[in-house]
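Asker: If you want the building blocks of each chain, they are given just below.
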Amino acid sequence: MHVPDGFLDAPTSIATGAAAVACVGTALAGARRELDDKTAPMAGLVAAFIFATQMINFPVASGTSGHLLGGALAAVLVGPFTAVLCMSVVFLVQSLLFADGGITALGTNIMLMGVTTVVVGWLVFRGLQAVLPKRLTLVPFCAGAAALVSVPAAATLFVVLYEIGGTADIPLHSLATAMIGVHVLIGIGEAVITFLAVASIIAVRPDLVYGARRVLARRELEVRTSTGAAT
Amino acid sequence: MKWVALGILAVALLLAGVVSYYASSEPDGLNRVAQDTGISRTEKQHATADGPLAGYSTKDVDNQRLSGGLAGVAGVVVVLVLAGGLALVVRRRKPVS
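Here the protein sequences line up with chains A and B, keeping their order. Numbers 25 to 255, taken from this note's numbering, label the letters of the first sequence in order. Numbers 29 to 125, taken from this note's numbering, label the letters of the second sequence in order.
Keep in mind the hints are simulated off the structure, nothing from the lab. Glycine is no exception: its CB is placed at the ideal position from the N, C-alpha and C atoms. The reader is advised that the hints may include incorrect statements.
[To be verified] Quick list of in silico lysine-lysine cross-link-like pairs, DSS-like style, CA-CA up to 25 Å: (1) B:K122 with A:K62; (2) B:K122 with B:K30; (3) A:K62 with B:K72; (4) A:K62 with A:K158; (5) B:K87 with B:K72.
[What the hints assert, rightly or not] Some chain B residues well away from chain A (every beta-carbon gap over 12 Å; in silico): (6) D64; (7) T65; (8) D78; (9) L94; (10) L108.
Just chain A, same shape as in the assembly (with noise of 0.2 Å):
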């Protein structure tokens, strides 16, 4: 979904960018909650991760195809605010070095990609969390119906954005269906990698997990007697 240059216009893209910095700017003071010496290794992993995949393109209807965007998967695994910093520089390095996104669209791939996915994912995520029973295995699940609701939600800013300061004339309705229609198929691949991703790490390392604290923390007040058993 990278918005290449020349789709928007100047004053839109200028919104954009001012939009992406200010929520850049508050990732990187939230981040620091998030981040301690034994999550931050986590944080380059989980960026690099994300990059490689998103190379990865899956065909979802004939002559289309679609990849992960990662912004559900990264807010489960490190942390809303340390999941925006890491879509960010995945973006950034992809415009700059790749030429994929538009340099003055960067700001607009941030709110799209980075900070859309991140937040809508993140909410679907702890609703679904609060209203479901705290379970471990229930944590892939929470994150792949994330990922799902995450990439529509992407691809309607979108439209709302192309609305505001498309530089084309294209009509609302014929944008919205078609855009919405494909991204909701290319939610259904994000949906299953991020359980996939989300699954592995839980089976070796829970504790790493971002999303899965409060559930660890619940098991963790278990009591035990000397001989290790649970009374």
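Let chain A serve as the given structure and place chain B on it in line with the hints.
Answerer: Relative to the frame of chain A, chain B by itself:
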């Protein structure tokens, strides 16, 4: 932690360095819609389109598999260093005892 870290890094390098060659080359959702609706006519040439890694291929490497693989591995390393470095700077440090 060490094994989880090595595992994630190995998967990332494998995806970017090897599997990416087999990825679909069809336009992604946005590009497809842009082509169908005419939005793509307004696309402007990317400012770094002549860069050494532009378009996920390494300049002057003719073998496509190698060219894309090298670009992918380079990207993974750059993102790892930048995002990891940023996280290390931002993190809460243990109080010095």
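Asker: Are the hints correct? Go through all of them and say.
Answerer: Hint by hint, here is what the structure shows:
no. : hint              : result
1   : B:K122 with A:K62 : holds, 11 Å
2   : B:K122 with B:K30 : holds, 20 Å
3   : A:K62 with B:K72  : violated, 43 Å
4   : A:K62 with A:K158 : holds, 24 Å
5   : B:K87 with B:K72  : holds, 21 Å
6   : D64               : violated, 6 Å
7   : T65               : violated, 5 Å
8   : D78               : violated, 8 Å
9   : L94               : holds, 15 Å
10  : L108              : violated, 4 Å
Violated hints for the displayed structure, listed by number in ascending order: 3, 6, 7, 8 and 10.
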